[in-house]
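K.L.:
What follows is the residue order along each chain.
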Amino acid sequence: MKNITYSVLAVLGIWISTTGCQTKDVTPDSFRNDLLKKTTGPAVVGDRIEFAYALGTTEGDLQNVKAEATIAGAKGTGFSGYSWYTNRNTGVDQPVQTATDTVTNGTVSSAKIIDVATNKAVTLRYYYYPGEDAKGKDVSFRFSGTSSTGKEVSYQSPTYRISRMDMKRSLALVDGAKAYVSIADMAVYTKAEVEQNNLANKIDFVYIYRATLGTGNYAFGHAIVAPSNADYLKDVTLPTGLTKSRTAIDKRVDVKDAQLRGTTGFDVYIDDLDLQQTTFPNAADYAYGFAADQGAFVKTADGAYAAYVYVNSVNNGSKSMTISIKRLKLN
Amino acid sequence: MKSIAVYKFFGILALIGLLSCGKEPIDESGLLITGRNQCFMTFFDLLGSDHRTVLVSGQTVIDTTALTVTAVARFGTNIQRVKPYCSVVTDAIVEPTMGIWTDYTQPQKYTVVSGNRQVRKTYTVTVTLQK
Chain X
10 MKNITYSVLA
20 VLGIWISTTG
30 CQTKDVTPDS
40 FRNDLLKKTT
50 GPAVVGDRIE
60 FAYALGTTEG
70 DLQNVKAEAT
80 IAGAKGTGFS
90 GYSWYTNRNT
100 GVDQPVQTAT
110 DTVTNGTVSS
120 AKIIDVATNK
130 AVTLRYYYYP
140 GEDAKGKDVS
150 FRFSGTSSTG
160 KEVSYQSPTY
170 RISRMDMKRS
180 LALVDGAKAY
190 VSIADMAVYT
200 KAEVEQNNLA
210 NKIDFVYIYR
220 ATLGTGNYAF
230 GHAIVAPSNA
240 DYLKDVTLPT
250 GLTKSRTAID
260 KRVDVKDAQL
270 RGTTGFDVYI
280 DDLDLQQTTF
290 PNAADYAYGF
300 AADQGAFVKT
310 ADGAYAAYVY
320 VNSVNNGSKS
330 MTISIKRLKL
340 N
Chain A
686 MKSIAVYKFF
696 GILALIGLLS
706 CGKEPIDESG
716 LLITGRNQCF
726 MTFFDLLGSD
736 HRTVLVSGQT
746 VIDTTALTVT
756 AVARFGTNIQ
766 RVKPYCSVVT
776 DAIVEPTMGI
786 WTDYTQPQKY
796 TVVSGNRQVR
806 KTYTVTVTLQ
816 K
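So the protein lines, in turn, are chains X and A.
When we follow this note's numbering, the leftmost residue of the first sequence carries the number 10, and every step to the right adds one.
When we follow this note's numbering, the leftmost residue of the second sequence carries the number 686, and every step to the right adds one.
Bound-form chain X, shown alone (with noise of 0.2 Å):
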């Protein structure tokens, strides 16, 4: 019995050996693709979510792409015509034309593959706009490409939660004149503006600039302030009937958020769950001494909406800031 078990063992030692590490002759398939999604921060309504598709033959030529979005995008949406390659001299990646007849129609986008006798391989950028009836929904895309020889490729993509966040960018405040900002609106209002447009109950903070404050002319610099405090606004003639809620402001200075910044190298993003989840004990009414890529979470006073608003550049000689917000609706 033992003589058995050991010749089995040894068959089967020899035959694994033999075979165990023969690699299988996989023939590759003549026509593949991939994807690759560009963006890392979340998907907000007036930003872009920016995908590279890969796709390339060995047999015939590539055709035609399409990609097909489970909610329609905005303006925007869709194939670019370029492909994108690094000059090696300068470092700098250069746009060569590999695609036309881009066109978006509803959910399905697609574009043709032009010179294809040389274009064996090539990588097109899809945008996807996130309109506003898919906040706060879950969106995928199928990503195709067809070639000559009449086969098709796929690649269906994760699923990607847009985001319930509002963004405006590059709200320009002036003191003085540009001062009072209204969450609810996603803008900025003059004196004369609140009073004839009766938005004295939708200011949720104002803006000034002053080099110094106080009796022993302490710096203060670029500031928001929310309507209930006397203090550092009892020199502004504030509008006609003017609420005075209590915005609550908490300062920060190491948020730079790129998509409010608006320029690539900064990974950090304000997310949902940022706006969401931030508290607001004790806060203060106001933040002061901005400087560019600083900014501070707010919270208007009833509650309604939580945001972060950015600082994008500040100007003492003009006394103005330019700002960035990102809101969230709470309730």
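Hints were generated in silico from the structure; no laboratory data involved.
Since we're looking at a predicted model, the values are computed, not measured.
Treat each hint with caution, since some may be false.
Claimed, not checked - Within a straight-line C-alpha distance of at most 27 Å, the following computed DSS-like cross-link-like pairs (lysine-lysine) qualify:
| hint | chain 1 | residue 1 | chain 2 | residue 2 |
| --- | --- | --- | --- | --- |
| 1 | X | 338 | X | 200 |
| 2 | A | 768 | X | 265 |
| 3 | X | 253 | A | 806 |
| 4 | X | 328 | A | 816 |
| 5 | X | 200 | X | 121 |
Position chain A relative to chain X; hints supplied.
P.N.:
Here is chain A on its own, set in the frame of chain X:
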């Protein structure tokens, strides 16, 4: 003669072994209770909501005799929401824990406890605001 030396050697070795196995006592936070009885604060600071100091440089005074800390916060500081932290002598601890958002409109009390947990000194921290 040789056997006595061997016995001595192993005896010392056993003693070292026994001593090295002795457990150092720890407190309820898992911190080592040591033999040090020094008990004082060496540094104090307050951070604003942006996690930057709000104190005016050079204005913080720690009196280890009177057990007081006085500091001046910059004009405009929201003194109701600041986060304190401090340094203490080696092995000492502070009660209650610092590093949480605290309202400093009124003086706050913190007790420094020595490394041997036998000496306790309560400091009163008073922060005034530039007007």
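K.L.:
Now look at each hint and say whether the structure bears it out.
P.N.:
The hints, checked one at a time:
1. Of the pairs offered as hints, the one joining residue 338(X) and residue 200(X) holds, with about 26 Å between alpha carbons and a cut-off of 27 Å not exceeded.
2. Pair hint residue 768(A) plus residue 265(X) holds up; C-alpha atoms about 22 Å apart against a cutoff of 27 Å.
3. Taking the CA atoms of residue 253(X) and residue 806(A), the gap is near 45 Å; set against the 27 Å cutoff, the hint is violated.
4. Between the alpha carbons of residue 328(X) and residue 816(A) the distance comes to roughly 23 Å, so the proposed pair stays at or under 27 Å and holds.
5. Our distance criterion of 27 Å between C-alpha atoms is broken by residue 200(X) and residue 121(X), whose separation comes to about 53 Å.
Hint check: violations occur at hints 3 and 5; the rest are consistent with the structure.
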